[in-house]
Amino acid sequence: LAKTTQPISMDSYEGQEVNITCSHNNIATNDYITWYQQFPSQGPRFIIQGYKTKVTNEVASLFIPADRKSSTLSLPRVSLSDTAVYYCLVGDGTAGNKLTFGGGTRVLVKP
Amino acid sequence: DAGVIQSPRHEVTEMGQEVTLRCKPISGHDYLFWYRQTMMRGLELLIYFNNNVPIDDSGMPEDRFSAKMPNASFSTLKIQPSEPRDSAVYFCASSLGAVLATNEKLFFGSGTQLSVL
Numbered sequence: 386l387a388k389t390t391q392p393i394s395m396d397s398y399e400g401q402e403v404n405i406t407c408s409h410n411n412i413a414t415n416d417y418i419t420w421y422q423q424f425p426s427q428g429p430r431f432i433i434q435g436y437k438t439k440v441t442n443e444v445a446s447l448f449i450p451a452d453r454k455s456s457t458l459s460l461p462r463v464s465l466s467d468t469a470v471y472y473c474l475v476g477d478g479t480a481g482n483k484l485t486f487g488g489g490t491r492v493l494v495k496p
Numbered sequence: 644d645a646g647v648i649q650s651p652r653h654e655v656t657e658m659g660q661e662v663t664l665r666c667k668p669i670s671g672h673d674y675l676f677w678y679r680q681t682m683m684r685g686l687e688l689l690i691y692f693n694n695n696v697p698i699d700d701s702g703m704p705e706d707r708f709s710a711k712m713p714n715a716s717f718s719t720l721k722i723q724p725s726e727p728r729d730s731a732v733y734f735c736a737s738s739l740g741a742v743l744a745t746n747e748k749l750f751f752g753s754g755t756q757l758s759v760l
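Chains as they are written, first to last, in the working numbering: chain V, 386 to 496; chain D, 644 to 760.
For reference, chain V alone in the conformation it holds in the complex (with noise of 0.2 Å):
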């Protein structure tokens, strides 16, 4: 599993675009790049995936440059429920893939 580098923790305000960027040097040809927002006192929640370009859902968007080393989740207009930790993970889904969150971004958003 291609290891994963995220900031520890961002801080934002109402309405403004989050942007959270996460290096994954070692991807491999095969590795998909996927998100996870995580509440307090919930489990994870599968926010985008994505394999290349650029990929947009209802929630958010990802934004994949051509080498893949790294990624950025976009969450446009953020509110104060926003407020959550993000994790990115990168795999192939083959068979002993470890499924290891890292330590996520912890994203604050003020009033």
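Hints listed in this document are in silico derivations from the structure and should not be mistaken for laboratory results.
Don't take every hint at face value.
With a straight-line cut-off of 25 Å between C-alpha atoms, the simulated PhoX-like cross-links for lysine-lysine are [unchecked claim]:
(1) K748/D - K388/V
(2) K711/D - K667/D
(3) K437/V - K748/D
(4) K437/V - K388/V
(5) K439/V - K748/D
(6) K748/D - K454/V
(7) K711/D - K748/D
Mind docking chain D on chain V? Use the hints.
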């Protein structure tokens, strides 16, 4: 679907006692995962099953921990004897297929908050 169901929600026990955590995965999901979360170590994968068969238990901390999946709709994680350092939130998750590929995703339960005194 009710999602992944874990019980109990909270468990307080004394050191040396046996603890059993329970999980019901989402119907039709072939993979089941047990995670442990602490402030110090984050989210650790303990063990996962594919079609009720344990595939990788290398994350199980020691012999005091054991997990079973007797059928597709039920799994247990047992700690015997429990110790204060086992205090953590234990999550169960399930997925339809192999995760991190082809848009498969993990679905987590609400977790069991375990406190060993």
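Cross-check of the supplied hints:
1. About 19 Å separates the Cα atoms of K748/D and K388/V, which keeps this hinted pair within 25 Å; it holds.
2. Under the criterion of a C-alpha separation no larger than 25 Å, the hint pairing K711/D with K667/D is consistent with the structure, at around 12 Å.
3. In summary, the hint linking K437/V to K748/D is supported, as the alpha carbons are separated by about 18 Å, within the 25 Å threshold.
4. This hinted pair checks out: K437/V and K388/V have alpha carbons roughly 18 Å apart, not beyond 25 Å.
5. Simply put, K439/V and K748/D have alpha-carbon atoms about 18 Å apart, close enough for the 25 Å limit, and the pair holds.
6. Using a Cα cut-off of 25 Å, the hinted pair K748/D and K454/V holds, with the two alpha carbons roughly 22 Å apart.
7. Our distance criterion of 25 Å between C-alpha atoms is met by K711/D and K748/D, whose separation comes to about 22 Å.
The structure is consistent with each of the numbered hints, conforming to all of them.
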